[in-house]
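Protein sequences appear in the order of chains Z, W and C.
Take the first sequence: its position 323, counting from 1, is numbered 341 in this note's numbering, and each next residue is one higher.
Take the second sequence: its position 372, counting from 1, is numbered 390 in this note's numbering, and each next residue is one higher.
Take the third sequence: its position 130, counting from 1, is numbered 148 in this note's numbering, and each next residue is one higher.
One or more of the hints may lead you astray.
Since the list can't tell identical chains apart, any single copy or any two copies may satisfy a pair.
[What the hints assert, rightly or not] Okay, derived cross-link-like pairs now, DSBU-like style, lysine-lysine, Cα gap no bigger than 30 angstroms in a straight line:
| no. | residue 1 | residue 2 |
| --- | --- | --- |
| 1 | K267 | K156 |
| 2 | K302 | K342 |
| 3 | K394 | K134 |
| 4 | K156 | K302 |
| 5 | K394 | K111 |
| 6 | K134 | K265 |
| 7 | K73 | K267 |
| 8 | K106 | K73 |
| 9 | K265 | K73 |
| 10 | K185 | K73 |
| 11 | K267 | K111 |
| 12 | K156 | K394 |
| 13 | K111 | K134 |
| 14 | K394 | K185 |
| 15 | K156 | K265 |
| 16 | K61 | K134 |
| 17 | K267 | K134 |
| 18 | K106 | K394 |
| 19 | K302 | K185 |
| 20 | K156 | K106 |
| 21 | K61 | K185 |
| 22 | K73 | K342 |
Hints are computed from structural coordinates only; laboratory data are not their basis.
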Amino acid sequence: MSAQETSLAPDVLDDSVVGQAMYELAEELAPICRSITGNGVRKTLNVIGERIPLKITEVPSGTQVLDWTVPDEWNIRDAYLLNDRGEKIIDFKRCPLHVLGYSMPMQGRVTLDELKPHLFTDPSHPGWVPFRYSYYTKNWGLCLSHSAFEQLEDGEYQVFIDSSLEKGSLTYGECFLPGTTDEEVLISVHTCHPWMCNDNLSGIAVATALAERLSFQRNRLSYRFIFIPTTIGSITWLSRNQARLHKVKHGLVLTCVGDNGQFHYKRTRRGNSAIDDAMIYALKQTGEPHALLDFSPFGFDERQYSSPGFNLAVGCLMRTPNGKYPEYHTSADNLDLIRPEKLAGSLALCERAFEVLEGNVRYMNTSPNGEPQLGKRGIYRTIGGSIPEESLVTMLWVLNFSDGHNSLLDISERSSISFREIRQAADLLVRHGLLAICD
Amino acid sequence: MSAQETSLAPDVLDDSVVGQAMYELAEELAPICRSITGNGVRKTLNVIGERIPLKITEVPSGTQVLDWTVPDEWNIRDAYLLNDRGEKIIDFKRCPLHVLGYSMPMQGRVTLDELKPHLFTDPSHPGWVPFRYSYYTKNWGLCLSHSAFEQLEDGEYQVFIDSSLEKGSLTYGECFLPGTTDEEVLISVHTCHPWMCNDNLSGIAVATALAERLSFQRNRLSYRFIFIPTTIGSITWLSRNQARLHKVKHGLVLTCVGDNGQFHYKRTRRGNSAIDDAMIYALKQTGEPHALLDFSPFGFDERQYSSPGFNLAVGCLMRTPNGKYPEYHTSADNLDLIRPEKLAGSLALCERAFEVLEGNVRYMNTSPNGEPQLGKRGIYRTIGGSIPEESLVTMLWVLNFSDGHNSLLDISERSSISFREIRQAADLLVRHGLLAICD
Amino acid sequence: MSAQETSLAPDVLDDSVVGQAMYELAEELAPICRSITGNGVRKTLNVIGERIPLKITEVPSGTQVLDWTVPDEWNIRDAYLLNDRGEKIIDFKRCPLHVLGYSMPMQGRVTLDELKPHLFTDPSHPGWVPFRYSYYTKNWGLCLSHSAFEQLEDGEYQVFIDSSLEKGSLTYGECFLPGTTDEEVLISVHTCHPWMCNDNLSGIAVATALAERLSFQRNRLSYRFIFIPTTIGSITWLSRNQARLHKVKHGLVLTCVGDNGQFHYKRTRRGNSAIDDAMIYALKQTGEPHALLDFSPFGFDERQYSSPGFNLAVGCLMRTPNGKYPEYHTSADNLDLIRPEKLAGSLALCERAFEVLEGNVRYMNTSPNGEPQLGKRGIYRTIGGSIPEESLVTMLWVLNFSDGHNSLLDISERSSISFREIRQAADLLVRHGLLAICD
């Protein structure tokens, strides 16, 4: 184990240490040019694999996955555009966004008119290079800022795109942490965006830290972290894991969790899943403003997990949602956009929600007729008549509503007592044999 | 077909043309003296029958219908009151409301004191003649304005009521437009009020126009328009159609739809029927202020359709509700109270609601595991990375929620995308084999 | 029967007479020193038994009751504290709260330091003697005001507590008023607090008056009033009545119903029981501000009736709730804290709620297809056309919603017509054979 891993043990509570470690992972990954397939993904997974145990899967091009086919593998080495004075107008080496994702190789002289249909800009943000791709339609292209585009002069240009699109494979990584039950929590992050720091690396950093920290403790639930290209990756993973999807009881897509915005939690398609309850509880506990979004069938990979045939209980945590911050899918979604303390806050939120998932079970009161006499068990005050203490009140809540229908989180919400206190009271009552777990 | 009918074809979208045609029907019907039975009803149905195919049913007096008995047929030829100077104080020829509905014949001299118990006025609107009737208790009577009543001088009066109450029949009309399924929409309007233009003729005019326009198009649903006397008419119709009421999936009573007020929609007894959803959707789409009323067991014939033994899903559309406008059930509910453009607005609202009923089905996504690859079917953008277009988003909504549980209107409401756009996306997906209809 | 009883007959509607009678009962009971067992309880029940038929049950010490054991019987004759000048610093004869409930006997000289652990005060209300007890842990003690405690000087004190704790029994009383059905209403009040007037005697006074008044009339429901020590009393009663708890359909704990505060009704554990509906309806009818509290598993004996194994539908009526008024469980909860007119208001509220419970049944319309023809039964107006009278509208509501699903209270709420009017309309319709009761 490296020094970095140790620093993320669950007892490291200093947010600035934890946040800094996640930020450094993002810094390490930022220069790598990723796409939905190719060596950039492999390098990214290798870096993650230095921190957590990662099983790498390679799925050959052409494999049928649900309604889709795994595409050929794309690799890019260099790309630039020279004007007729030989000046480099566009240079992939300076920013990987300059090449259209999945661009075919191209080398040759073209006029400006011939070139224009292959140049992609974002006129609404003229200073930034947009992220554009053409995964399933063969094309070649370059991306540049709209202001640079507008300065292009008539004349001939030299295009050079040194890419390859060939049989190969789609690569994804999986970190599995077995718990004492095989109820699974699926955490999904995408690894296919070049450059993008909030919409890509922030999710990777928080998921990696979560996996590290969970690996230090004994968990009731099993946790599966998957690092996949978006859409085709989740479709590939779903296709290969259909027989065991019934074990996935809770799921979370993590993305855009490093910027300065308030939390946005997008509910599962079912709308009231246990992961929704746990995330909403944890969000309330932050005491910070936040927003709940209803499920919609676009966004990130939750749209695949939540397709009607699977309908998995997968929510999505973001700070500023996709498309709602100007830097989204542009060169401005860079390391300046994400902050260590924001990554740390996102991690803490997930940990609190998972604490609820871990501890949120239903019990049966084993002495359900009348209150059990707590005094003879030494867990009741001896002098009566005054207002009862909070810990006693908490026990009475847990005893009364542990009827097989209410989970501890239900009791927490009904009583307005924090989940942690409810959980502690339940532990005490379990020790005295007054509660039995429901299965 | 007359010129008038052609002018109401569904592609005639000019509200002023459509509204004018409906208003002219009301003008044609206004002078006819209607009651719950008799020749006035037959004349009224004849006029309607010139526009739409109408099957006339005659039910003999004395027929047992549910808990009721079809009453004798009433006809009125003339009625007046002369003072002792021979002046006509009250004249049925000027307004049919002047005779008590179902008044027995009467001819003779009476003192003012003898007369008074047979005179009916509305002191709260002293200038107007009220609409009063005594269908099931034999009586004779005349109605007049309260101010005229107060000017009656002591002395003798000559009463003349040339009516007849004899074995005959109750008459109603029915226009049936078969659809491709035998799920039926019942539209019910009453035809029993003399004079009343908003509370009677407006409903007849809009229902007749609706039937005309629906007859031009191929419909999934079957439509049954019934033109009946209120209470005894709906009871008679229900009594004779009990064996096929299970086909009536949606229903609507139309009345008071020509005045200047905002729309009021009274929900079905169930409160959340498909017709409620469709009407509420259509009302929202008007962008105009409107009111929703919960079901109550009084009002119009919905009280019969919604009796607990039948409990049909029948709502009621009004502009200003019964009893909530001063002219209600008085001589002031005349042709000045209704406006062509208001009739046209009511028609348009019903058409929009029926468009929803027609198209609001449930589908199953035939490729429910993960998103289907729309790109290979040519219905996905080729360059990715930017915010997706609305039409793509609409398809994703329809695909994700077409799980057999959600209707297209459910998806429209969940997504805040208009029903028409949802319906169009569904049509495209059906053509690509990605949706199959649920039965 | 005494004069007092007669004055509480249901036709005595003068609140001041009724309130005064209840207040006098509280005055009579106030001087008696009660505890969870002993002669004080017996004397209290004797006084109640002069007004209503009361069956007394004695349960021997040591009897196992659910998870508890009936404790030894405690009796107290005298208790005081003398300082070294022989002055009586504390005197049980002046207020029974001065002795710790269930204090062991004690006689002897002690230093102030030895004494202090046995003295109980309430520093937050330094002028009042607190109510403290040690029922299940053997101890001896005295209670005094905190200001008196602070004036204690160093030196020796003479303690005298003439109590006994011996095998005996726990005593409770039960008044059963059979109705025409064996559906039971359980009214529970505690009889174990010395001195306390609001948190004890107010509940006894209102429950006794309720029983008196209900005994004058023929009831559909059976009423069982139990006068019990809190916690161990309800546990004992539950333990001995487990086989017939299924008959208890509604229940109410009455306490703190004599003070000046607004009503607080604490819902049953189920939250929407018939007693909840009835109490909430009655509270609304008072037109006074009031508060509804959700069930919580502490408070009074409702916590035993509502333990998850029994889950009886027992609510709790209070004015100012336990712990929410400063005098609670102190010597200041005395006869000055309760008012005759507040007791009378509490009684009236319960009577109105019980009127709903008595009359709130479900009917089936026996003529459910269409409206029945009320005219031929003589219960419809003869001249039609004007706005219908309220009594007619009420009948239509009852007929339409008497479908086996809606109770009369449901119909009252849906129609915003008072329960009494709905009940009257139902009675009329029953007489005409148009409603049949559901069982």
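Evaluation of the provided hints:
1. Proximity of K267 to K156 under the C-alpha cut-off of 30 angstroms is found in neither arrangement, the shortest distances being 39 angstroms within a copy and 52 angstroms between copies.
2. For a Cα distance limit of 30 angstroms, the shortest separation of K302 from K342 qualifies both inside one copy, at 23 angstroms, and across copies, at 28 angstroms.
3. Within a single copy, K394 and K134 get their C-alpha atoms only as close as 85 angstroms, which misses the 30 angstroms cut-off; across copies the closest is 26 angstroms, which meets it.
4. In this assembly of identical chains, the alpha carbons of K156 and K302 never lie at most 30 angstroms apart, being 47 angstroms within a copy and 45 angstroms across copies at closest.
5. For the identical chains of this complex, K394 and K111 are neighbours neither inside a copy (75 angstroms) nor across copies (33 angstroms), given an alpha-carbon limit of 30 angstroms.
6. Taking the shortest alpha-carbon separations for K134 and K265, neither the intra-copy value of 50 angstroms nor the inter-copy value of 62 angstroms comes in at or below 30 angstroms.
7. When the C-alpha separation of K73 and K267 is checked against a cutoff of 30 angstroms, the pair qualifies only within one copy, where the shortest distance is 22 angstroms, while the shortest distance between copies is 57 angstroms.
8. Neither within a single protomer nor between protomers do K106 and K73 lie at most 30 angstroms apart by alpha-carbon distance, with minima of 41 angstroms and 84 angstroms respectively.
9. When the C-alpha separation of K265 and K73 is checked against a cutoff of 30 angstroms, the pair qualifies only within one copy, where the shortest distance is 19 angstroms, while the shortest distance between copies is 60 angstroms.
10. Taking identical chains as interchangeable, the C-alpha atoms of K185 and K73 lie at most 30 angstroms apart only when both belong to the same chain, with a minimum of 22 angstroms there against 72 angstroms between chains.
11. Proximity of K267 to K111 under the C-alpha cut-off of 30 angstroms is found in neither arrangement, the shortest distances being 43 angstroms within a copy and 67 angstroms between copies.
12. Taking CA atoms no more than 30 angstroms apart as the test, K156 paired with K394 passes between copies only; the shortest distance there is 12 angstroms, against 78 angstroms inside one copy.
13. Taking the closest pair of Cα atoms, K111 and K134 come within 30 angstroms of each other only inside a single copy of the chain (21 angstroms); across copies the shortest separation is 84 angstroms, beyond that limit.
14. In this assembly of identical chains, the alpha carbons of K394 and K185 lie at most 30 angstroms apart only when taken from different copies (19 angstroms versus 74 angstroms within one copy).
15. For a Cα distance limit of 30 angstroms, the shortest separation of K156 from K265 qualifies neither inside one copy, at 38 angstroms, nor across copies, at 54 angstroms.
16. Within a single copy, K61 and K134 get their C-alpha atoms no closer than 33 angstroms, and across copies no closer than 75 angstroms, so neither meets the 30 angstroms cut-off.
17. For the homomeric pair K267 and K134, neither the shortest alpha-carbon distance inside one copy (49 angstroms) nor that between copies (58 angstroms) is at most 30 angstroms.
18. With identical chains, the CA atoms of K106 and K394 are never at most 30 angstroms apart, being 85 angstroms at best within one copy and 36 angstroms at best between copies.
19. In this assembly of identical chains, the alpha carbons of K302 and K185 never lie at most 30 angstroms apart, being 49 angstroms within a copy and 54 angstroms across copies at closest.
20. Taking the closest pair of Cα atoms, K156 and K106 come within 30 angstroms of each other only inside a single copy of the chain (25 angstroms); across copies the shortest separation is 94 angstroms, beyond that limit.
21. Taking identical chains as interchangeable, the C-alpha atoms of K61 and K185 lie at most 30 angstroms apart only when both belong to the same chain, with a minimum of 19 angstroms there against 82 angstroms between chains.
22. For the identical chains of this complex, K73 and K342 are neighbours neither inside a copy (34 angstroms) nor across copies (61 angstroms), given an alpha-carbon limit of 30 angstroms.
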